[in-house]
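Novice: Chain by chain, the residues:
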Amino acid sequence: MGGIYEVLSPWAEVDPVPLRGISPRLSDLSGKRIGLFNNNKLAAAPILDAVETELRSRFDGLTVARFGRRAHENVAQTEDGPRYEQWVKEVDAVVLAVGD
Amino acid sequence: MYDAVSTEQLDTPAVVLVNEGFGFDARSAASGKGMPGVRLVPETVPCECTVPERIVSGVRAAMDDVVAGLTRPLTAEERSPAPREPDGAGRIAFKGHLAEVQQFCYRRGWTDGLPVNPPTEEAVREMLTGTDLPAGHLVGKMVPRMGKVTVEKIAINAVMAGALPTSMPLLIAAVEALLDPQAAFGTWQVSTGSWAPFWVVNGPIREQLRINSGSGALSPGDIANATIGRAIGLMVKNLGGARKGMEDMGVLGNPAKYTMVIAENEEANPDGWEPLHVRQGFQRDESCLTVSFPNSYLQIWPYGSDDKGIIRALSSNMVPRWRQLTLLLPPGHAQTLADAGWTKSDIATYLYEYARVPAYRSPDFWGVPGVVRMRPPLNAEDPVPLLRSPDSLRIVVVGGAGVFMGLAYGASQWLTRRVQLPGNWESVVRKYRNFVPNHVSY
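Note that the protein sequences, when read in sequence, are chains G and S. Per the working numbering, residue 188 is the first one in the first sequence, and the count goes up by one each step. Per the working numbering, residue 138 is the first one in the second sequence, and the count goes up by one each step.
So that you can see chain S by itself, here it is in the shape it has in the complex (with noise of 0.2 angstroms):
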């Protein structure tokens, strides 16, 4: 929708074809541009449709009004629309007892669907001790509402999602990464593909945060794991107005999208592994954290303890298409891999040159955009690489005792960011250090 506003923005007409379940969200991007009055023809050809028969047949019922979207004069207010009445709530949203609060937030579209903690005056001034940013420095606009990212809403959203003061310095990073162009959060976080960003934490925040690089890390249960990504994503929601169905089109939704945090066992790293951050260009002792966009998680199991078992279930299990291999490897593999000679760029390159499938597998050979930028292999037999190059791949261990491996896809990039503590950080830490489940024994 963005080009047509800009087509119209040079003076010339425009319409847009779009599928038919694509109308609010077409209409949500128009009007955050300013121009709601760009002419919508929706269409009822299947979503990225291959079959010629459909598409003609769909393009010719849209046709007339293809024609009048080109044609008929404007009304008044496509001309000169009205101003919209402001949808803000202020900046007190509500006051009532705790189950008011609850239906009121959720009503309102302001919930993942969870419980959310009031973000009172007092939880949201304790949450910014853990930032000495003033409440109202503007970290930057967040599309596709273009809604103004204030310190004070990070730390409200913070508050609703249970998050402790701690993470305010990675939530103000991890908003800085999805403003960073780099990162392409517009593209991926309403896609119809269900990207859910994944965090991968480095540095001595790790610790300091209690953020789980350990048996489940990717399972609830951790205070820090769980609420900084759902803090994350109620930001998206209510700050970038990323909305479910409306804005944000992912086909399926993705699980991730409530929370995907973990942190890399560095000390699992075995001589000569770089952790993450190390690898995407950061000091070992900086504090930062990497976001991806995958939409798939994949856990699979050796074909054998060694290191040939560890690389021969990775080389079959990969999947044709996706772009970007997260690979998160379990310390004890790290550490048999590392006997055996191998390196985290070692892994890399052997799975580009060796991973590899039939081109009937590839979707280059069926002439869809796909994992290989080449001219699409012509015989079926010929084996095509998984990944587009050894630097599609990053390596992190994390993860308990045991065996599964996990294999995270996506399209974008790793884009990393260091974080910035507070002065009195130590403090805020030493406040919130100890606040761990004490589980009973049984």
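Just chain G, same shape as in the assembly (with noise of 0.2 angstroms):
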């Protein structure tokens, strides 16, 4: 069988993420303004459409505004970071879709 091999670990370290929860949710959407958010991918554009036209049907007046990602990277790390927040906090609620 040959001899003993004590071995090194080769998975990284991470330092400790501080943990976080996610906001407070509506009570209702009825009258609110939902962000749809779309990622740049191929489908985001139509899904967003589609859900638009759900939520319209859905809730009385509910209205949307839109933000587009332009490049595959997280927004807020973008040169579009500062005009995302600031469209952020003009929603009561964002829909994100993937698209992939």
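Everything labelled a hint here was simulated from the structure, so no lab data went into it. Predicted model, so just to flag it, every value in this text is computed and none were measured. Be careful, since some hints might not be right.
Lysine to any residue pairs mimicking SDA-like chemistry, simulated, CA-CA at most 25 angstroms apart [said to hold, decoys possible]:
hint, chain 1, residue 1, chain 2, residue 2
1, S, K278, G, S217
2, G, K276, S, I360
3, S, K285, S, R262
4, G, K228, S, K568
5, S, K285, G, Q264
6, S, K278, G, G268
7, S, K285, G, P203
8, G, K219, S, D202
9, G, K276, S, P210
10, G, K228, S, I360
11, G, K276, S, G174
12, G, K228, S, G409
13, G, K219, G, R270
14, S, K381, G, L229
15, S, K568, S, G358
16, S, K568, S, I360
17, G, K228, S, T149
18, G, K228, S, R570
19, G, K228, S, S165
Under 10 angstroms between C-beta atoms, here's a sample of chain G residues computed to sit facing chain S [stated by the list, open to error]:
hint, residue
20, F224
21, G248
22, D279
Backbone N, C-alpha and C define an ideal beta-carbon position, used for all residues, glycine too.
Starting from two chains that each stand alone, build the complex the way the hints lay out.
Specialist: What follows is the structure, encoded as structure tokens:
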């Protein structure tokens, strides 16, 4: 069988990531402004079109606001970050379509 | 998923519609950012779907969950997630016989499916003779898991891959390249497109490591070509945490993820032809490596052995849509083209201007984002260029005798890093320089 090997771990250590909960939900979507976020994948826009149609048909007074990512990167890390942050502040909730 | 986390961090509720096949990947991404509770809604819309009816039906089926995702009160766990159990193995991972080590590593998901060399303390210490950086030196953190890439972790994975200590400077430079935001490694490595890092080595280190730039440079059999790429693949998995079908969502996968490493045959570049690293802005005598992320590799035959036959074959075999092309040109063709007055720049310009297809073969014509960033062509027969610009092509002289050429198609950029050598470099090279196969004749 040969000798005994004591082997080191190839698996990286990670710094502890501070855990954070998600934001409180809305009680109702009627009259709310819903952000529709397009991640720049092929199907994201038509998926959001369908989401918008469904939301508008279900909730009175619901409006939508769109935001489109221009690169395949986290938008907060791009030059669009400030514009995105402002957009988020102007909506009550966001639906993101990944589009993959 | 990172966009959803960013949205929640701005105190705004979010829900993510994600194809049902990407749930694990999405959950890993959210957890990696410290927000495991991001609400996902799996949907059944086919990936990158262009059929409106399928999209509408898939979204409609998911809408109750979308609404619930935005309105259902938070659970205690969503409000305040419990700390996770550490997933590390400690510095010493295992002790056992060779076969047990192999089984342990494979079961942990730490291999590429092939047997690995046991990364013992002694083997790792020897690997570290290839660098004068301290073992604990942090090169950076690798996405998606943000694993800490220390010099020792690089050495451990290099031992497992069977690399020689002389590979360490290249491996460290490779990690630096991957961590450079311009490489967009976090996108390419885990993309459905199965892009694989393609490494081209230039400068004196090619010869010191005996990296093959000649016959069959992309085939198995050379320890440097084979193990440098393999070590990087293990690092991507074990340090970055990009695992096939979990975080790396390549649809088909790519054999080049085992390894795709060559050296350029700089000496076969005719007069006036610059090697890749010089084209990238470095000095000829600097050791460098260049990474790009092709997902396809096509080998073609020229339509004649003169310059016209070579160029005709290239322009006739280029494929619409991809935005970046690395042309692998064997030395014979390089000389033929140079003798007829072509430079590398001439070839790129010519192919940009004349390698075209009718618009109907271009994704733009069909409303699909593709290679040509302009107003979509209106006439199906209008010729459209296959390259985005002459700068979308790089030429590397490599390969043996024969006429086949290679086209490596990608969508990224070429990113080049200078390789930093340790103070003891000459002695390390001397120690391993003659580690070569001695094939018998038959």
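Novice: Sort out whether I360 of chain S lies within 25 angstroms of K228 of chain G, counting only the CA atoms.
Specialist: Violated, because 40 angstroms separates the two Cα atoms, which is more than 25 angstroms.
Novice: Has the given pair, K278 of chain S with S217 of chain G, been kept, meaning a C-alpha gap of at most 25 angstroms?
Specialist: violated (44 angstroms)
Novice: Please work out if K276 of chain G and I360 of chain S have their alpha carbons no farther apart than 25 angstroms.
Specialist: violated (55 angstroms)
Novice: With the threshold set at 25 angstroms, check whether the alpha-carbon distance from K285 of chain S to P203 of chain G stays at or below it.
Specialist: Judged against 25 angstroms, a Cα distance of about 11 angstroms means the pair holds.
Novice: For the pair supplied as a hint, K276 of chain G and P210 of chain S, confirm whether the alpha-carbon distance does not exceed 25 angstroms.
Specialist: holds (21 angstroms)
Novice: For a C-alpha distance cap of 25 angstroms, please report whether K228 of chain G and G409 of chain S respect it.
Specialist: Between K228 of chain G and G409 of chain S the Cα gap is close to 42 angstroms, so the pair fails against 25 angstroms, i.e. violated.
Novice: Run the distance test for K381 of chain S versus L229 of chain G: straight-line Cα separation, threshold 25 angstroms.
Specialist: Between K381 of chain S and L229 of chain G the Cα gap is close to 23 angstroms, so the pair holds against 25 angstroms.
Novice: For a C-alpha distance cap of 25 angstroms, please report whether K228 of chain G and T149 of chain S respect it.
Specialist: Since the Cα atoms of K228 of chain G and T149 of chain S sit roughly 23 angstroms apart, the hinted pair holds (cutoff 25 angstroms).
Novice: Check the hint pairing K228 of chain G with R570 of chain S against an upper bound of 25 angstroms on the C-alpha distance.
Specialist: At roughly 48 angstroms apart (the allowed maximum being 25 angstroms), R570 of chain S and K228 of chain G break the hint.
Novice: Keeping to a limit of 25 angstroms between CA atoms, is the pair of K276 of chain G and G174 of chain S held or broken?
Specialist: holds (21 angstroms)
Novice: Regarding the hint that G248 of chain G lies at the interface with chain S, is the smallest CB-CB distance below 10 angstroms?
Specialist: Cβ of G248 of chain G sits 15 angstroms from chain S, so the hint is violated.
Novice: Check whether the Cα positions of K568 of chain S and G358 of chain S lie no farther apart than 25 angstroms.
Specialist: Distance ~20 angstroms between K568 of chain S and G358 of chain S Cα, so the pair holds.
Of the numbered hints given earlier, the model fails hints 1, 2, 4, 10, 12, 18, 21; all others are met.
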